[in-house]
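> So you can see what is in the structure, the chains are spelled out below.
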Amino acid sequence: MLTAGWSNRHLLARLRDMARITLKNLKHAYMENPASDADWALKELNLDWDDGGAYALLGPSGCGKTTLLNLISGLLTPSHGSILFDGEDVTGLPPEQRKIAQVFQFPVVYDTMTVYDNLAFPLRNRGVDETTVDKRVREVAEMNDLTATLDNRASGLTADGKQKISLGRGLVRTDVNAILFDEPLTVIDPHLKFQLRSKLKELHTRVPNTMIYVTHDQTEAITFADKVVVMNVGEVVQVGTPKELFEEPHHTFVGHFIGSPGMNVLACEVNNGHAYIAGKQIATTNRADARPGKSEIGVRPEFVTFSSEGLAARVVKVSDAGRFSIVEADCVAGRVRLLVEEGGAIPPDSTHLAFDPEATRIYTDGWLAGRAVRS
Amino acid sequence: MNKTVNQKAWFFVLPVLVLVAFNAIIPLMTVVNYSVQETFGDNVFFWAGLRWFEEILRSPRFHDALGRQLFFTGTILAIEIPLGVIIALAMPRKGPWVSVCLVLMAMPLLIPWNVVGAMWNIFGLPELGLLGKTLNTIGFDYNYTRHPGDAWFTLILMDVWHWTSLVVLLAYAGLVSIPDAYYQAARIDGASSWAIFRYIQLPKMKRVLTIAVLLRFMDSFNIYTEPSVLTGGGPGNSTTLLSLDLVKIALGQFDLGPAAAMSLIYFLVILLFSWIFYTVMTRGDEQ
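Residue numbers (our numbering), protein chains in the order written: chain W, 1 to 375; chain X, 1001 to 1287.
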């Protein structure tokens, strides 16, 4: 099975163009003359998307994810910078010439057509001959579990059925370099979400396309993608595997946004590169930068433990989250969350907290200290 | 589950019942009453049975008026619906021009109907009307009070001017309600403008267009004021539509019985056509 899958994948890979998507100094604003930093919907961005990768664009609503996606597909033309497919500049090309498929938040189906005609539509528009159309439509219908409904009117389908058609219209083309998904599971029932997400993952192992998946849901991003691009207020804050994002957040935002509960961020003082809270030194993996700025300590709840000495704290709340409890404790620098395994002892009100030095980091103005920081 | 019997509910329905009785049921039944009787005035009535209905259905005068009516309605529908859709497609979707276009479109709809008739009456006068004078100056022998063809031309032009806006506004409402994602998906699917119109815009406008066709059908089939002011049904009987003929019979000749019978037939014809339009246009929606 695996070998069959691989050979199929390679065969398909040979049949189409390979494409590496490069974004160069890309910037976008929806207004005519952006003056301040806040006017840019997307701040300057340089990024490479490897061919065949599964990427997720993760961030809160309004952070510029959809803008970035529409720039890649050509629905928007960037105010500044360029987009290259395999080194070739496509910045000025309209979407139909970019060899890109896009699946939208709300399922788009052509109501008056059958499921078959819907799937055939992108091919027929490109003048593909009917024999090939038929072959491709049936293949894609098979992949998307739509074979049984091929002759039905598309308007009668449920939301997830319609979304499968939208997806199918992207997969049916052989000239597609990348498939872009814009929060495609928003209108899908929760129990079907899981199913459709597994379907996408499975499809990615069968077709060699680059897939870029926009979402604000960390679970969706982490289960789908090999690499997650985290965005916040118009800029990319970190690109990494889910593991990297969890273990070494480059920005306190990443720490907050990924992980449940998110990373603890505590104000601290810095002296000689070391972090201090209430005069007590906190051991960290990195040293603070010399540059001025707001200093904070970031440590995930997974790496905080109760101990006999350390930061004095008072337990204020315990909530049961299944296999473990989320304990909230107040210390001088603010509230700290930590995880206690089921059955683990939770000390009486007054106690001390210890942070694992390997997982405790200093952040300056939100960015991980000691890294090359952009201006 | 216990059902509460509460007779008080009747009081809440009562106002509607009274309203419907006075504005629909009682007038309609009065007409039904007239249609089966003969009167010579003084409130003396004789039973006539279905005689008036037979007379009307057999009369060439009714056939001619119905024929003219169908021609009029058919022509204006064939012009106004496509024209309305084309104008709606050409209108801007956003920006300051939207309001300008909407106000311009709404203008003809705001003018009282008899004023529309009077306007076109003067507009078309061969000696002093802008339209009439211009047509005559450039060599056409245009005179809507003398030539039936010219009368029809003016009548249809007036209706198209007056009512295409309604179709435009309805079609435009249908167009702007289409989410952007449809256009974006169509661009990515490589659809041509014709394909976008045929597979996205037209299907999404179908419901409002059904309403537009029904409204225009019923209104144009009932039209009285504008042709009455413009041509008064002339020259001769050439533009005497059903409603004009009906008024002549009822108020000109005071033949209340035949006029009542004709009203009912008229009403049933409108009902029948509306039903046919509705059935045809919504067919396939339930699949």
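Be careful, since some hints might not be right.
[To be verified] Short, incomplete list of chain W residues facing chain X, as computed with Cβ under 10 Å: (1) Gly74; (2) His80; (3) Glu96; (4) Ala101; (5) Pro107; (6) Tyr116; (7) Phe121; (8) Val133; (9) Lys135; (10) Arg136; (11) Phe324; (12) Ile326.
[As the list claims (entries may be wrong)] Only pairs whose alpha carbons sit at most 16 Å apart, straight line, appear in this in silico EDC-like list of lysine to aspartate or glutamate: (13) Lys43/W - Glu235/W; (14) Lys99/W - Asp175/W; (15) Lys1204/X - Asp111/W; (16) Lys1206/X - Glu235/W; (17) Lys24/W - Asp111/W.
Since the hints were derived computationally from the structure, they do not count as laboratory data.
Glycine residues also receive a C-beta, built at the ideal position from the N, C-alpha and C atoms.
> A separate judgement is required for each hint: does it hold in the structure or not?
So, going through the hints one by one against the coordinates:
1. Using the Cβ-Cβ criterion of 10 Å, the hint placing Gly74/W at the interface with chain X is satisfied: the shortest such distance is roughly 8 Å.
2. Interface restraint check for His80/W: the shortest CB-CB distance to chain X comes to about 22 Å, outside 10 Å, so the restraint is violated.
3. At a threshold of 10 Å, the smallest CB-CB gap from Glu96/W to chain X is about 4 Å, leaving the interface hint in force.
4. For Ala101/W, the shortest C-beta to C-beta distance to chain X is roughly 6 Å, which falls under 10 Å, so the interface hint holds.
5. Annotation: interface hint on Pro107/W holds; nearest CB of chain X at approximately 9 Å, less than 10 Å.
6. With 10 Å as the threshold, the beta carbon of Tyr116/W stays out of range of chain X, its nearest partner Cβ sitting at about 14 Å, so the hint is violated.
7. With a cut of 10 Å, the hint placing Phe121/W at the interface with chain X holds, because the nearest CB-to-CB distance is about 6 Å.
8. With its C-beta approaching chain X no nearer than about 13 Å, Val133/W sits outside the 10 Å limit, and its interface hint is violated.
9. This hint is violated: Lys135/W has a C-beta 19 Å from the nearest C-beta of chain X, more than the 10 Å allowed.
10. Against a cut-off of 10 Å between C-beta atoms, the interface hint on Arg136/W is violated, since the closest Cβ of chain X lies about 14 Å away.
11. Restraint check, Phe324/W versus chain X: the minimum CB separation of about 41 Å is more than 10 Å; hint violated.
12. At about 39 Å, the closest approach between the beta carbon of Ile326/W and any beta carbon in chain X exceeds 10 Å, and the interface hint on this residue is violated.
13. Between Lys43/W and Glu235/W the CA atoms are separated by roughly 5 Å; this keeps the pair inside 16 Å, and the hint holds.
14. With a C-alpha separation of about 6 Å, the suggested pairing of Lys99/W with Asp175/W holds against the 16 Å cut-off.
15. A threshold of 16 Å between alpha carbons decides the hint, and for Lys1204/X with Asp111/W the separation of about 9 Å falls inside it, so the pair holds.
16. Simply put, Lys1206/X and Glu235/W have alpha-carbon atoms about 43 Å apart, too far for the 16 Å limit, and the pair is violated.
17. At most 16 Å may separate the alpha-carbon atoms for a hinted pair to count; Lys24/W and Asp111/W exceed this at roughly 39 Å.
The earlier numbered hints that this structure contradicts are 2, 6, 8, 9, 10, 11, 12, 16 and 17.
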